[in-house]
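Assemble the complex: chain A is given as a structure, and chain B must be docked to it using the hints.
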Amino acid sequence: MAFFERHKADKIGDAVFRGVSYFFAVLVVVLMLFIFAVLFKESLPSIRKFGLKFLTSAAWDPVQLEFGALPAIYGTIVSSIIAIVIAVPISLGIAIFLTEMAPKGLRGPIGTAIELLASIPSIIYGMWGLFVFAPFLSDHIEPWIIDHLGFIPIFNGAPLGIGMLPAGFILSIMIIPFISSVSREIFQMVPPIMKESGYGVGATKWEVIRKVVIPYTRSGLMGAVILGLGRALGETMAVTFVIGNSHEISKALLDPATSISATLANEFTEAVDPVYLSSLVELGLILFVITFIVLVFSKLLIGGFSYKGGRP
Amino acid sequence: MNFFYLRRKFYNILALTVSLLSAGFGIFFLFWILKDVISFGLPALNGSFFTELPAPPGAEGGGVAHAILGTFFVTVVATAIGVPSGILAGTYLSEYGRKSKTASTVRFLSDILVSAPSIVIGVFVYAVLVKPFGGFSAIAGAVALSIIMLPVIVRTAEEVLKLVPDATREAALALGAPHWKVTVQVVYRGARRGITTGVLLAVARVSGETAPLLFTSFNNSFWNFKMTEPTATLTVTIFNYALGPYEDWHTKAWGAAFLITASVLVLTVLARLLVTRRSAG
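Chains as they are written, first to last, in the numbering used here: chain A, 1 to 312; chain B, 1001 to 1281.
Just so you know, the hints here were simulated from the structure itself, not pulled from any lab data.
We put the beta carbon where it would ideally sit given N, CA and C, even for glycine.
Just so you know, not all the hints are guaranteed correct.
Stated by the list, open to error - Result set (DSS-like, lysine-lysine): computed pairs, CA atoms no more than 25 Å apart in a straight line: (1) B:K1009 x A:K195; (2) B:K1181 x A:K211; (3) A:K195 x A:K104; (4) A:K299 x B:K1181; (5) A:K41 x B:K1009; (6) A:K53 x A:K251; (7) A:K104 x A:K205; (8) B:K1162 x B:K1181; (9) A:K299 x B:K1101; (10) A:K41 x A:K53; (11) B:K1162 x A:K11; (12) A:K11 x B:K1099; (13) B:K1181 x A:K8.
As the list claims (entries may be wrong) - Derived CB-CB ranges, DEER-like: (14) A:A58 x B:L1021: 39 to 47 Å; (15) A:G200 x B:R1098: 37 to 45 Å; (16) B:T1168 x A:M222: 53 to 61 Å; (17) A:Q188 x B:A1055: 51 to 59 Å; (18) B:F1028 x A:G200: 32 to 40 Å; (19) A:F297 x B:T1196: 12 to 20 Å; (20) B:K1101 x A:F297: 19 to 27 Å; (21) B:F1003 x A:M222: 30 to 38 Å; (22) B:L1021 x A:S57: 41 to 49 Å; (23) A:N266 x B:E1229: 21 to 29 Å; (24) A:N266 x B:P1084: 55 to 63 Å; (25) B:A1055 x A:F297: 48 to 56 Å.
Isolated chain B (complex conformation):
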């Protein structure tokens, strides 16, 4: 009796220790990666990193200013395409479709598209927007990112719109407001913070994407202000520099890695803060 009791206790402690260790394992790698990104990336940042174009291959100095601008440009355009379409599709799911067959199909496919390989999206956009138009372009990169964004926004928009109680909708409808006005002025307003969170998370997700940009927005060593021209982005720059032969390129790649990681983490933490403030309030 006593022996069995001890054995059960032993297994209990053993299992709990193992689960504690696995949590430790995850956190260990988080800190290891962050430590390296900071300690290799931070020294790479200086004035010219943010303001200058790259030096000729092999030469020291120069910066990645064009890629910072490119990432910003491509992400903004992707957001401008992806967010409104995603919110409208989410609106259909939560306000009109609800339990209809169309709505469940859209939900199902969005959930699959969320995890679909992003490089395949790149290949798709290459076939649709790059090959027929004779060249890589910033707009193709933005479209690829917006496709990756779309299902994320659709699902979060639906989730947060559903949080607005039906009684609120009915109250507005009873006052004679048309359904679309109820949606725009009551439901959207109620879900404003949730939608912002979803958008921030989606932007965080796509701003770190590399694979879909490789064959869409491609790369460029110079400033580019045209949507129809290839453009450099931070992530593609990391890819090319990290696999390149020069020590200075590796340093630049770490600097760019730091910049991207920092912005993604800031966006994610910001989004999380918005959520916790809501649940507290």
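Same shape as in the complex, but just chain A:
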């Protein structure tokens, strides 16, 4: 008798535990949908007022309540592209160094050091960028750029130390650890026998990397790069401090600009008018949609790669 009672209790316990864990798993999905729904609902006043013009207008006037997202979207995308252009070659270099070159004893410490770079909070990057790196740039680097490359319009401007280019650079330092640690993992999935056959026919290390490792891991590497792009697009603090917060679109990369996240961080708590607030939420929604699409891409590329389980 006691046995059956215990058996029943166990069955109830099983059902409850399974149900509870199912609830929390589904919570992730519900949360995602809920975030979309709430952001959309809160953006409605702005969507109704500005419609699609919101995406193409460069107006940003809290007094007249005229808002357009173009400067913020432009700044978000351009600063992230700068970050990617700088970060990708360096991250791949680091990943190659750690998987193919470094002596065993160095791999651990250097890998750890790079990953510690990833754990430093982004506000530290922003603050360091503002107090240390911006003065350094405006004293030493930017005057040189303007003197020697100023004839190219994008390298013109005032040597302020804050602006689109510095923001992109700080971002690149932030995303280097992400891209390099994912590419490192992907490099490690290349079956040793493929590399060995390369060495077997007399290829140098670089030839094996360029002609065996990189072609084999191409889609995964693309995924890693796009993951870095996703991070850069959504990053707030590192950008807010150094981008300069100007709603003007300027051709020159040295000039101050703004990004979606910087606009939100600076203006959200000051927005008293419902239309102002709603426009800011719509900016957030745009950012969420852009990063969502980018991250889905990256996930599919990385996932499609690892699915093969490292088989040739």
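Using the frame of chain A, we list chain B on its own:
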């Protein structure tokens, strides 16, 4: 023949040098940032930094004790919400869902949520918990952080639970233990160290977050012990002080930056040590 050989060797050395230099570049910036955080932050730390409230704007002295307490408070509550829900969701993925459609959807969305912009989470929580309830609150900040934590915990929990071999589960099931007891008493126990690592990393990640707190827990110049009131945190204090006009604020911001960086790095290193000890043992 000889020429080709030399050229290949040259490219090889060139490429290897470039990759060495890029590793050097990364490490160079790590040390540069750490050096500045230490050399500007350490002198800012003194007794009153840890024990006093801020002095009036522009006046010297005072401290950020309320923000230290606030960060601690908000992080603890976020952990209390995020960790159990994350572990349970991870349990579903590794013990029940496995290859089901629900499980793959949850995995996919968690991976995306991990990298979702944290400031958007702040906006979301503002719309759900701040606007309807008429004010910024510590609990809103904690909820925002727990949302950021959730997907991190879900994925690491699943990964470490999966490391427990199925044979162990079967052995316990064969003894007549119900599935939930097997999960709690056998699988969790086996994955204890891995789960601790995941929790430490997630706490490290959120304790440095600023963006989601700006419009949720907001700021406060005084002690706050109520979850329903706005509260100061170290990161938001850094944001306000660093962008403020006073030299003394900048010093305080560096001190707070040192404190946050040091705690995050200690947590991360601790988590890593746990992992290496496991793989060694």
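Cross-check of the supplied hints:
| no. | hint | verdict |
| --- | --- | --- |
| 1 | B:K1009 x A:K195 | holds (18 Å) |
| 2 | B:K1181 x A:K211 | violated (52 Å) |
| 3 | A:K195 x A:K104 | holds (18 Å) |
| 4 | A:K299 x B:K1181 | violated (35 Å) |
| 5 | A:K41 x B:K1009 | violated (62 Å) |
| 6 | A:K53 x A:K251 | holds (22 Å) |
| 7 | A:K104 x A:K205 | holds (16 Å) |
| 8 | B:K1162 x B:K1181 | holds (17 Å) |
| 9 | A:K299 x B:K1101 | holds (17 Å) |
| 10 | A:K41 x A:K53 | holds (18 Å) |
| 11 | B:K1162 x A:K11 | holds (24 Å) |
| 12 | A:K11 x B:K1099 | holds (23 Å) |
| 13 | B:K1181 x A:K8 | holds (14 Å) |
| 14 | A:A58 x B:L1021: 39 to 47 Å | holds (40 Å) |
| 15 | A:G200 x B:R1098: 37 to 45 Å | holds (40 Å) |
| 16 | B:T1168 x A:M222: 53 to 61 Å | violated (38 Å) |
| 17 | A:Q188 x B:A1055: 51 to 59 Å | holds (53 Å) |
| 18 | B:F1028 x A:G200: 32 to 40 Å | holds (37 Å) |
| 19 | A:F297 x B:T1196: 12 to 20 Å | violated (34 Å) |
| 20 | B:K1101 x A:F297: 19 to 27 Å | holds (21 Å) |
| 21 | B:F1003 x A:M222: 30 to 38 Å | holds (36 Å) |
| 22 | B:L1021 x A:S57: 41 to 49 Å | holds (44 Å) |
| 23 | A:N266 x B:E1229: 21 to 29 Å | holds (24 Å) |
| 24 | A:N266 x B:P1084: 55 to 63 Å | violated (35 Å) |
| 25 | B:A1055 x A:F297: 48 to 56 Å | holds (50 Å) |
Checked against the numbered hints given earlier, this structure breaks hints 2, 4, 5, 16, 19, 24; the rest are met.
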